[in-house]
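In the order they appear, the protein sequences are chains X and L. Residues in the first sequence are numbered consecutively from 326, following my numbering. Residues in the second sequence are numbered consecutively from 3, following my numbering.
In case anyone wonders, no lab produced these hints; they're calculated from the structure. Honestly, I wouldn't trust all of these hints.
Label pairs and their calculated CB-CB ranges [unchecked claim]: (1) L/H24 <-> X/S549: 58 to 66 Å; (2) L/H24 <-> X/K457: 26 to 34 Å; (3) X/D493 <-> L/G25: 53 to 61 Å; (4) L/A98 <-> X/A526: 22 to 30 Å; (5) L/E74 <-> X/D411: 28 to 36 Å; (6) X/E434 <-> L/V46: 26 to 34 Å.
To be clear about the criterion: a stretch of chain X counts as covered by chain L if any three or more of its residues have a C-beta under 8 Å from a C-beta of chain L, and this derived list gives those stretches [what the hints assert, rightly or not]: (7) 334-341; (8) 411-421; (9) 430-436; (10) 445-458.
These figures come from a predicted structure and were not determined experimentally. Backbone N, C-alpha and C define an ideal beta-carbon position, used for all residues, glycine too.
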Amino acid sequence: MRASKFLEEGLDPRVSALERRLSSIKLIAPVMSPKGGVGKTLISVMLSLALTRRGIKVGLLDLDITNPTAHMVLGVDIEKTKPVEDEGIIPPSAHGICFMTIAYYSGEEPLPLRGVEIDDVIKEVLTVTSWKELHVLLLDLPPGLSDEALDILKFLKRAKPIVVTTPDALALNSAKKLLKLLQEGGVKPLGVIENMSSNVASAEVKKLCEAYSVDLIGTIPFDSELRLCLGKVDSLLKTRVAKSIEAVAENVLKKIPP
Amino acid sequence: MAHEWALAQAIIESVEDYALSHGIDKVKKVIVKIGELQAIDKEVLSFALNELVKQLGEGKVDIEEFELHDEEAVLRCRACGFEWKLRDVKLSEDVAESIHFIPEVVHAFMKCPSCKSRDFEVVKGRGVYIESIEIP
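Chain X extracted, bound-state conformation (with noise of 0.2 Å):
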């Protein structure tokens, strides 16, 4: 008998697999924020260094995919460091965290792209990337509501986004656009970071995770001397800002399934 053909357009065969080669992840937090500088690399930085602290394996995910600079928080060397194949790219661990970035392969060049290249770097990472297992994978997204933060909760539907705000009026009009966005779309926040603030959270923000019935989990201060230690985890860990991260890391593992 003459074989018939099926499937009229081709078929890309990322879309099946990135959700299961995330399967063994308990925790997937996307840590976003439509509005630019209020701190989402750093947060997703020393978060991730706060968790493995405790003790529990974490994976983090440069996901600036045209501006990468986590590694240069954690002082990790791209030219240097390579990951390495084993049925699939194992991340480097970095501090002890399992970290992936686009840098390792596009270096200090400048990596122009449009929506659909962003797209397949997002699709390509998520299904050649072999995270074995963690309790918790922190995504570090650009800010905006383009193609990485649409992407991320189109393809990750178990994903807990982590909002970061700060307690300025236009950081705030942009993080309630962006629980705007997450509750059409039937997704849960793990919470809300309000970060550059004074030491107790704004009124506003609190106001903010009511309307939307979101957690608020933590409150981090501005610390104008954070700058000096980019690229040296011993001193970003004696920061202040450190200290107010770690009552974030103890909110984040309470949220932790089991």
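For chain X, the structure is supplied; the task is to place chain L on it using the hints.
The following block gives chain L in isolation, referenced to the frame of chain X:
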């Protein structure tokens, strides 16, 4: 083992998902296109596909054969419209290896030969995709 194994696993899982969702339990042939840009090792991919398909459990889809077809990589500049072939450009071994893992990294290391813009598209031959699934 090479990361071709992860891609082979993805191909098999996709065919399986597609077949099961269309009520198909037997597949005669899967044609896989291999884009030149990603420089996949066809021997490794072919070996991995044939090994992994043996491990499919009972009651899963029976896949008889995989056929791998090469697809030439063609690039087009979005700034000036110039079109060129990957094979016309010389890449160092390190760069080729980076592109092998994540093909979009090509934008970090290649520019339009005509106007030097990095804003170009890969018209065809990017990576791995399933072109067709034939049933008996």
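Results for each hint:
no.	hint	verdict
1	L/H24 <-> X/S549: 58 to 66 Å	holds (60 Å)
2	L/H24 <-> X/K457: 26 to 34 Å	holds (32 Å)
3	X/D493 <-> L/G25: 53 to 61 Å	holds (56 Å)
4	L/A98 <-> X/A526: 22 to 30 Å	violated (51 Å)
5	L/E74 <-> X/D411: 28 to 36 Å	holds (31 Å)
6	X/E434 <-> L/V46: 26 to 34 Å	holds (28 Å)
7	334-341	holds (count 7)
8	411-421	holds (count 4)
9	430-436	holds (count 6)
10	445-458	holds (count 7)
Comparing the model with each earlier hint shows a violation of hint 4 alone; every other hint is respected.
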